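Number of protein chains: 4
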Amino acid sequence: MEQRRKRGWTLSVDVGGIAIGGSRFVTIAGPCAVEDRRGLFAVARGVRRAGAAILRGGAFKPRTNPRSFQGLGKEGLILLRECRRRYGLPIVTEVMDIREIDLVAEYADMLQIGSRNMQNFPLLREIGRSGRPALLKRGMAATLEEFVGAAEYILAEGNRNLVLCERGIRTFETATRGTLDICAVPILKSRLRCPVIVDPSHAAGQRWLVPYLAHAAVAAGADGIIVEVHQDPAKALCDGPQALTLPGFRRMMATIRDMLPIVRKQPA
Amino acid sequence: MEQRRKRGWTLSVDVGGIAIGGSRFVTIAGPCAVEDRRGLFAVARGVRRAGAAILRGGAFKPRTNPRSFQGLGKEGLILLRECRRRYGLPIVTEVMDIREIDLVAEYADMLQIGSRNMQNFPLLREIGRSGRPALLKRGMAATLEEFVGAAEYILAEGNRNLVLCERGIRTFETATRGTLDICAVPILKSRLRCPVIVDPSHAAGQRWLVPYLAHAAVAAGADGIIVEVHQDPAKALCDGPQALTLPGFRRMMATIRDMLPIVRKQPA
Amino acid sequence: MEQRRKRGWTLSVDVGGIAIGGSRFVTIAGPCAVEDRRGLFAVARGVRRAGAAILRGGAFKPRTNPRSFQGLGKEGLILLRECRRRYGLPIVTEVMDIREIDLVAEYADMLQIGSRNMQNFPLLREIGRSGRPALLKRGMAATLEEFVGAAEYILAEGNRNLVLCERGIRTFETATRGTLDICAVPILKSRLRCPVIVDPSHAAGQRWLVPYLAHAAVAAGADGIIVEVHQDPAKALCDGPQALTLPGFRRMMATIRDMLPIVRKQPA
Amino acid sequence: MEQRRKRGWTLSVDVGGIAIGGSRFVTIAGPCAVEDRRGLFAVARGVRRAGAAILRGGAFKPRTNPRSFQGLGKEGLILLRECRRRYGLPIVTEVMDIREIDLVAEYADMLQIGSRNMQNFPLLREIGRSGRPALLKRGMAATLEEFVGAAEYILAEGNRNLVLCERGIRTFETATRGTLDICAVPILKSRLRCPVIVDPSHAAGQRWLVPYLAHAAVAAGADGIIVEVHQDPAKALCDGPQALTLPGFRRMMATIRDMLPIVRKQPA
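If you read the sequences in order, they're chains G, Y, L and S.
Counted the way this note's numbering counts, the first sequence spans residues 1 to 268.
Counted the way this note's numbering counts, the second sequence spans residues 1001 to 1268.
Counted the way this note's numbering counts, the third sequence spans residues 2001 to 2268.
Counted the way this note's numbering counts, the fourth sequence spans residues 3001 to 3268.
Pulled out of the complex, with its shape left as it was, chain G reads as follows:
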């Protein structure tokens, strides 16, 4: 079957000892933004127990408005590193500013390029040159053709440690924050040999819908998910409504574990 042949070609990307791609399904989880030590550690502990392999958390947050909470910056990076030491989870966090690549690379195992920067070509090039594992999120209105083009800016610098992330596109529908483009998974995998993961949180925009999208992603052959989890979503400084609670995350993971054998994958 076309599907299986293509899967076989996906390269594996090593992120702090965790393999993304190949026959592995990776779960990256954590809060939208790093807010404080206590909360971050609670989430890290909880998601690790439930099966997450990598911790996500924003130190530099791209916000629509300059008056919104912009993240803890370097302080957030320090907390993420501490967390990695304590729980053994590799870290992925966003770089927004080309001048901060070195700083972020010092603390994180994988550099995330957010949707708003998908076509920030100087940033793509420098992250390409850094050789560090990179997670490139699809722009909100980027065609798959443009997404592949953006990926090529990184690959062209010789950096093959690239993971792509479908996170929902902007459409007329307002019941959800984005519309997850499930076909992006097989199409991207047929175009490039990079692993492709899915962000169900930003697509759904609402907690209760996240598991449906996560399960759909598994079924469509995604190499993993990146999902927002918060120890107390009602108090989150950013994107609370779409953050899973720890119990919700555990339930979602249980179903994912049941599904993996059907798509011939194992947890990373």
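Reference listing, derived: stretches of chain L covered by chain S, where coverage requires no fewer than 3 residues with Cβ under 8 Å from a Cβ of chain S:
1) 2141-2150
2) 2171-2177
3) 2180-2190
4) 2208-2215
5) 2247-2259
Distance ranges between label pairs, derived from CB positions:
6) G:Ala254 / Y:Arg1085: 44 to 50 Å
7) G:Glu145 / S:Gly3088: 37 to 43 Å
8) S:Asp3036 / L:Ser2012: 46 to 52 Å
9) S:Leu3260 / Y:Ala1234: 57 to 63 Å
10) Y:Pro1261 / S:Glu3145: 43 to 49 Å
11) G:Ile78 / S:Ala3234: 53 to 59 Å
12) S:Glu3145 / Y:Gly1158: 42 to 48 Å
13) Y:Phe1069 / G:Glu145: 29 to 35 Å
Honestly, the hints are just simulated from the structure, not real lab data.
Given the structure is predicted, the values throughout are model-derived calculations rather than measurements.
Glycine included, each C-beta is placed from N, C-alpha and C at the ideal position.
Since chain G is already given, all that's left is putting chains Y, L and S on it; use the hints.
Frame of chain G; chains Y, L and S shown alone:
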């Protein structure tokens, strides 16, 4: 879990002895258009063997251009009825014209309202009044709010035999024909008690992508799928590129059968 | 200039003695729905004085939800005919139901096919066969290619009395009800010889934006506009927020009159 | 009228002696990319004669694919400066890389932030800090709310020399490159006191449609346009199909001059 509680509420719709909804997963399959006896029968036999419970096939085709093939009309209905007799598959076919409801209802077990007619309110009302099982497809640019409103035109006439179908919405992405809105499944099920099925063929627009969307639909809790299958897609008069071959359909069904226990469903 | 050459080819459509197309710019104005005699007559008198040549007003209203006000039906048609007699304004009103074409044609000078019915092909064909002047509105998510295809269903029946209407398409932007696609005007005029008018009211969705779109339509070479005006928008049963007041309509018309010589048109 | 009152509030931005905003209508014209001295000078001379007040031209080009022509870089800036000296036209050119702001600011009168960088917040902040006149283009799928948020990143640094540019949004329609959102002009002017101009070239994507959008922009109260002109579009290295020829530009400008008194503006 929210998901399971909600599923429990879905009403079951009986279509020629096949139950849609509840704990059943229905597969509706067949050609885009009824073209001739030989082809129709070959597809019917093939999809029944592979696990389809209902046969689809268009006798009246809504086409963008008046010069395109418009379907065989009544002759197509007669072939569908013959096919039902021979293979025991209930029939679903589209009604485009309010004046033809009685005619179509004489031959078909379920009346389909196509995307272009989702807000053809007189048609919705009359199909509501007919009391016949109805399959309402989401309009290409209809919000879920509008889809629910359209469903209410049928329900308001006292017809509860209604199944909704998500079939991909129109977005900027041109790599696929539509963008399947996976969240439509749980959202619609939380709003109305009607079963919700998915049409992966029109969303994908390309054969090789159809199974990915079908599997995603199962994972997201859909009550079934409606999928285009053709005995020789290269010769199809309509939508050939998105029609599965019979072997492709069988492979897709094998994976679906593996998945159903995980979503706690059985084949209809 | 390409623009002027193409304009020269537009056929003229006669609606109750008013020519649409050619070197004429037509203003069609009136309430969203016919509500009562007093209000309708006040609007008719007001818009005629301000330069409108045709009266619009809905007797049958397509509403998203079956519980919303659905129009006065035949009673509304009777009021429209009275209004025509008193003020000498030809009438355009929507037909939603193929079974009501004859009824509406008895009262109205021009039959409107609404956005939701742009691909209601039986309705298009019957209106084509009726030979009556028709106003076809673009579907909310119809490509121009599909719009041309829909127009061809009417033209193919030998009815050349067709006017097309761009009314804003559905996009991700929520600040307005639709996004007016200005390029639709020249593109449609290059594809078909039908006059093309613009509906600034449904695109804007807010009163204060309507004149901007109307003026843009004039500048882009539209053959006219169809605009909602209400004697007391705060009390309108339907679409009040986008209805111009009579004074607002007069101001808009004054600017349009100033612009017409620049696009080499005269008021119809 | 609301429209006129709001216009009165627009602040004026000085770009190399040319006032944008207030009662002035500015025309910015030039090639997509600076390609060579001879071509650039031919375009500059031609557009100045036809009424352009500012020269545009890309030295650093953001391209979807890393293998496409990326602009002449500093060499392009040098040519632009020469051109300014010879023809007295202020220069606007794009900055893509935060590390090149000083370099570009040395050569250009106004710094353009392209659509792909509308939410490149570090770039916005640094351009805000530079105090230099800035031209911020709307992102392809940015809501007006997000566009205003992006503008506020610049304004928050104390830089009021900001001009906003509507350039067409991404929609399902494929007949044009973007869909120009005419309502963006009045809505942005009601939200911020910045001048708002329109880019008809990127919205249309085809030469023959550009004048229609430019005229619509004038009619809707835009403070100017930025338009691509090439001395020989068939040989352009970038965006040739949407570049006006010099004769086409002159014809468009003649109509604009006729329209300006109606919107109570004068050429800048």
